[in-house]
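Generate the whole structure from the sequences, applying the supplied hints.
Here the protein sequences line up with chains H and E, keeping their order.
Heads up, my numbering is the position in the first sequence plus 1, with the first residue counted as 1.
Heads up, my numbering is the position in the second sequence plus 85, with the first residue counted as 1.
What the hints contain is simulated information worked out from the structure, not anything from laboratory work.
Treat the hints loosely; a few may be bogus.
[Unchecked claim] Here are some of the chain H residues that sit facing chain E, going by a computed Cβ distance under 8 Å:
#1 29
#2 44
#3 47
#4 70
#5 71
#6 101
#7 102
#8 138
#9 140
As the structure is a computational prediction, the values presented were derived from the model and not from experiment.
Each residue gets a CB set at the ideal place from its N, CA and C atoms; glycine is no exception.
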Amino acid sequence: MLALAACCANMGAPAWASPGAPAAHVARVLAVRDDGRLHYIHSSGNEIIDEGHATGTLPGSVRAYFTYDGEPTVSASFQISGPGWSISGHGTGRLSNPNSTSPSFRGSLTLSGGSGRYAHAHGSGEMFGVYYRRSYALTVQTIGSLHY
Amino acid sequence: MALAVWACAPATAYGGQSASLHVGLTPERLGGETTLSLGFQVNASAGAIPSPLTAIDLHMPRNLGIATSGLGVATCQVATLEAHGASACPANSRMGSGSALVRFQVGPELFTETARIAVVAGPEQDGHVRMLVSATGESPVAARILISTVLLAGQLQISVPLVESLPEGGDIAVVAVQASLGGNLVYHERSHGRTISYRPHGITLPASCPRGGFGFSATFSFLDGTQAQARTAVACPGGASRAPVARLSPSR
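Dropping the structure here:
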């Protein structure tokens, strides 16, 4: 499970453009810090699909595919969407206390694409979350850098 | 109406023992919750008592939702289970039940005993979910066997301890086990100052069924150093494979 949420806090955005190249894209960097609260939608085998909202630097709706197969490492892919844009990513983390009602996890995430203003999105960060075994809900906090 | 699908396959003997594996998924509805029933039988040549079982390595579909089930949301300590049995464990630690058949020999006489099985969640092991299987027999030998089972991706590693029967007898040999994970369990939780009961999520089946059905296999290891292997498959619902359900997200 994992989570997803998106990120960031706009922290300055150094921009650059390749000298001499067509000015088609100016890269920006955004410091992201987001929280996500996701509820259960569907499951298939060891994959749980959750949806919800993220608040923070990049507020939007979130859909996550959380996978836990018994190994301590859990993984999730996710997409966060706002008006006219989306960002996709993937995360892995280590689950603690797997027999508890709400195991927590912590790990890293990678942002790997998007659409709209974030069509060139990439980045990385950390994620922290809780997986609620009764409801299959997820809460996630993410901190990272988004290049777009 | 619940639909039960069972599969059973013959075994291959690599020593003095052979084994067969039985698996059931009830109900078998793709993407739905199910109760997983696992059983095996160990046979020795010429009807003799088989060598005591020491380990079982069970392989199953990796995407079977055992880890993501809501089963076992409390932990039963090994010492509690050993001393007092599963009834002393938290209700929320119970994951399943079943029965076992054991045999042992005292002098020239062969004894058979039936034991009750309880499956509870135990303390984690290196970050993995650990299940404790308590097999309790009362007569002719009062004994409790504690079997530790670790859940890995697509695998259950089961360690079976050696248990002496009587002072002048040999070790007890487990010859058959039938156990279920999930089923009719009731858990309790506190909510807004009240205790409420609920039925935990069972094991979720994948939304698609592989060609040939859901495959299971097991390697049984015995005290005499031999092994036996068995495999089986639970046929897909309706007898055919199903295509994966289309994903809704472009990120996948």
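Evaluated hints:
Interface hint status for residue 29 of chain H: violated, as the beta-carbon distance to the closest one in chain E is roughly 22 Å, over 8 Å. Contact between residue 44 of chain H and chain E, as hinted, is supported at the beta carbon level, the nearest pair being about 5 Å apart and thus within 8 Å. Given the 8 Å rule on beta carbons, the hint for residue 47 of chain H holds: about 5 Å separates it from the nearest Cβ of chain E. Proximity of residue 70 of chain H to chain E holds as hinted, the smallest CB-CB distance being about 4 Å (cut-off 8 Å).
Checking residue 71 of chain H against chain E by beta carbon gives a least distance of about 4 Å; that is within 8 Å, so the hint holds. A cut of 8 Å between beta carbons decides the hint on residue 101 of chain H: the least distance to chain E is about 7 Å, and the hint holds. With a cut of 8 Å, the hint placing residue 102 of chain H at the interface with chain E holds, because the nearest CB-to-CB distance is about 5 Å. The beta carbon of residue 138 of chain H comes no nearer than 12 Å to any beta carbon in chain E, farther than 8 Å, and the hint placing it at the interface is violated.
For residue 140 of chain H, the interface hint is violated, since its Cβ never comes within 8 Å of a Cβ in chain E; the closest pair sits about 17 Å apart.
The structure fails hints 1, 8 and 9 (numbered hints given earlier, in ascending order).
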